[in-house]
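Asker: From just these sequences and the hints, can you work out the full model?
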Amino acid sequence: MTHRITRGAIAAVTVVATGLALAACTPSSDDNGQLVAFGPQGENGSLKDNLFTQEVEKKFDIDFDWQTTTYDGSVAGEKRQISLASGDYPDAYFLVPWVDGFSRNEILKYGQQGVLMPLEHLIDEHAPNLKKRFEEKPDWEQSVTAPDGHIYAITQWSECFHCSYPSKLWMNTTWLDALGLEQPTTTEELRTVLRAFKDGDPNGNGAADEVPLSGSASEPIINYLMNAFTYAPVGGPSSPPPLVLDGDEVVLNATSDSWRAGLEYITSLAQEGLLDTAAFTQNGDALKALGDSADAQILGSAVTLHPYVFVSADSPDGRDKNYDAVAPLAGPDGTQLATWRSPVNPVGTFALTNKSTEEERIEAIKLLDYLATDEGQIRASMGPEGEAWVPAEEGDLALDPELEPTFRPVTYDETSNAAWRSMSQYWDSLEFRNAQVVPEDIYTPDGYERRLLYATQEYEPFAPDESVLFPVEKLWPDLETSAELAELQTNIATYITQAQAEFVTGQRDIADDAAWDAYVADIEGLGLCLLYTSDAADDSLR
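Take 1 as the starting number for the sequence shown in this note's numbering and just add one per residue.
No lab work stands behind these hints: they were computed from the structure.
Computed from a predicted structure; not experimentally measured.
Backbone N, C-alpha and C define an ideal beta-carbon position, used for all residues, glycine too.
One or more hints might be untrue.
[To be verified] Label-pair ranges, simulated between beta-carbon atoms:
(1) A294 <-> E358: 57 to 67 angstroms
(2) G247 <-> T185: 28 to 38 angstroms
(3) V75 <-> T415: 15 to 25 angstroms
(4) Y71 <-> A294: 21 to 31 angstroms
(5) Y443 <-> E524: 41 to 51 angstroms
(6) D522 <-> T411: 44 to 54 angstroms
(7) T444 <-> G73: 30 to 40 angstroms
(8) V75 <-> S312: 25 to 35 angstroms
(9) E524 <-> E480: 19 to 29 angstroms
(10) E480 <-> A85: 11 to 21 angstroms
(11) T174 <-> T68: 41 to 51 angstroms
(12) T444 <-> E480: 47 to 57 angstroms
[Stated by the list, open to error] Quick list of in silico lysine to any residue cross-link-like pairs, SDA-like style, CA-CA up to 20 angstroms:
(13) K321 <-> E458
(14) K288 <-> D72
(15) K366 <-> E57
(16) K474 <-> E484
(17) K131 <-> Q142
(18) K58 <-> L47
(19) K474 <-> D428
(20) K288 <-> G318
(21) K198 <-> T173
(22) K198 <-> Q271
(23) K288 <-> T173
(24) K132 <-> D428
(25) K79 <-> W66
Answerer: What follows is the structure in structure tokens.
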């Protein structure tokens with residue numbers, strides 16, 4: 001049974017009302033002229049003492065007063081939400097999308113309450129570089145413009161090529177060579193390889209200690225394997241439910257017959273001991289412990305964004321060089337797809353509140369405008385020239401050989417408190433990234449970006465087309481139903497994630513029709529519906 005919603009029904013959903021009056025903007029008077037800013041702070045030093053902070057304070061005449069949180073998403077999100085609920089919130093937010101940010105329903109809620117200030121007039125008057133970037137990347141401007149025409153928060157724009165195909169299978173090539181095997185190309189060939197990893201002692205220590213395939217809860221292993229049966233959008237409890245297009249209808253793919261077939265295959269791998277079921281619950285540190293096992297190299301393959309997620313760079317025994325990406329597998333009926341992630345990030349990471357003064361808003365938007373330049377992006381996200389990067393020289397080769405190289409990253413102290421890193425990555429375009437100088441030896445840390453480029457090129461031909469992709473990242477909720485939508489979306493996504501793990505681990509019987517019907521009924525009971533709308537959605541879904 002597949003759950004469908006017609007495009008016409010979506011188009012008929014009421015658009016968020018425009019022209020709502022903004023609440024009075026009363027700047028705070030107790031900050032002594034300081035821009036009170038909220039942001040995550042790591043273990044390498046304080047944001048106050050950060051070298052980049054000090055540089056931009058001088059450059060833009062800003063005096064920051066930081067309210068900090070951690071890089072733990074649950075802690076950061078709770079602290080931000082408590083401050084908003086209490087009314088004791090800062091003048092500005094500088095957030096990291098993979099840690100915490102304003103959801104679209106929050107952007108609409110706080111924007112139309114007058115808590116978050118409209119930014120479009122500030123951009124027009126004081127941010128020429130950002131305005132130019134919006135013209136270059138119209139999807140970026142569309143993604144930050146609410147249905148009422150205002151921009152209440154700015155998202156980070158990332159065209160990281162290897163990040164656009166996040167679910168990759170990285171396999172131990174030395175083990176394949178030791179066993180006289182080739183990379184698998186189909187689901188059954190994968191089974192054959194994993195059996196050999198389990199039973200053939202590829203690490204040569206005489207012990208049955210090999211883990212053929214693993215992963216972590218934060219990077220769903222189902223995404224890679226499911227794509228041999230049907231398209232799997234970016235999934236997990238922190239992502240929207242897996243919605244796809246089927247002709248003129250929107251489908252919840254996780255209740256389809258093809259999704260069930262994929263789960264049956266994945267379950268069969270687990271039953272044979274070929275798939276580490278801890279992959280559904282363990283965190284990234286636990287996966288890294290497998291990859292870095294001191295006793296012996298025991299990990300045969302893993303589904304992750306890149307190898308350094310599960311094995312340390314420059315490992316003493318060189319094991320970090322042993323893993324290569326396996327292209328998407330073909331399933332029983334020839335289905336062969338790759339999960340694709342849009343560069344449009346719906347999470348708002350820069351915002352100004354009604355506690356800020358007009359002068360502070362101008363200072364802050366000028367800083368953001370600087371982050372939208374190549375110069376600002378290199379300095380803010382990487383570090384100082386000469387320490388974190390150097391200008392390209394004659395003879396250097398860019399990541400994209402067709403481009404003129406502009407800068408070369410260099411190895412420097414990763415504990416340095418000299419850059420904002422992920423908090424500053426507002427301009428991460430394909431052109432910017434691909435102009436960096438990268439050595440040709442892909443198995444060195446310095447050549448790692450080229451290794452990821454080559455791997456991702458194996459995935460690009462299997463990207464889904466627009467007949468399958470449902471543009472969740474381009475849609476905005478109706479303000480009146482946004483809170484209900486957010487809860488519904490979270491509940492369904494969380495339930496799907498938990499139930500799938502239970503099917504694979506045998507707590508539920510995937511072969512039992514009654515168990516599958518109960519799973520579908522549970523999802524229906526959670527209130528399956530779609531409450532998104534936007535002009536872009538109406539145009540694309542008519």
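Asker: All hints are to be evaluated individually against the structure, with a verdict given for each.
Answerer: A quick look at each hint next to the structure:
no.: 1; hint: A294 <-> E358: 57 to 67 angstroms; in the structure: holds, 58 angstroms
no.: 2; hint: G247 <-> T185: 28 to 38 angstroms; in the structure: holds, 30 angstroms
no.: 3; hint: V75 <-> T415: 15 to 25 angstroms; in the structure: holds, 22 angstroms
no.: 4; hint: Y71 <-> A294: 21 to 31 angstroms; in the structure: holds, 27 angstroms
no.: 5; hint: Y443 <-> E524: 41 to 51 angstroms; in the structure: holds, 50 angstroms
no.: 6; hint: D522 <-> T411: 44 to 54 angstroms; in the structure: holds, 50 angstroms
no.: 7; hint: T444 <-> G73: 30 to 40 angstroms; in the structure: holds, 32 angstroms
no.: 8; hint: V75 <-> S312: 25 to 35 angstroms; in the structure: holds, 26 angstroms
no.: 9; hint: E524 <-> E480: 19 to 29 angstroms; in the structure: holds, 23 angstroms
no.: 10; hint: E480 <-> A85: 11 to 21 angstroms; in the structure: holds, 20 angstroms
no.: 11; hint: T174 <-> T68: 41 to 51 angstroms; in the structure: holds, 44 angstroms
no.: 12; hint: T444 <-> E480: 47 to 57 angstroms; in the structure: holds, 55 angstroms
no.: 13; hint: K321 <-> E458; in the structure: holds, 18 angstroms
no.: 14; hint: K288 <-> D72; in the structure: holds, 18 angstroms
no.: 15; hint: K366 <-> E57; in the structure: holds, 11 angstroms
no.: 16; hint: K474 <-> E484; in the structure: holds, 19 angstroms
no.: 17; hint: K131 <-> Q142; in the structure: holds, 12 angstroms
no.: 18; hint: K58 <-> L47; in the structure: holds, 15 angstroms
no.: 19; hint: K474 <-> D428; in the structure: holds, 19 angstroms
no.: 20; hint: K288 <-> G318; in the structure: holds, 15 angstroms
no.: 21; hint: K198 <-> T173; in the structure: holds, 15 angstroms
no.: 22; hint: K198 <-> Q271; in the structure: holds, 13 angstroms
no.: 23; hint: K288 <-> T173; in the structure: holds, 18 angstroms
no.: 24; hint: K132 <-> D428; in the structure: holds, 14 angstroms
no.: 25; hint: K79 <-> W66; in the structure: holds, 14 angstroms
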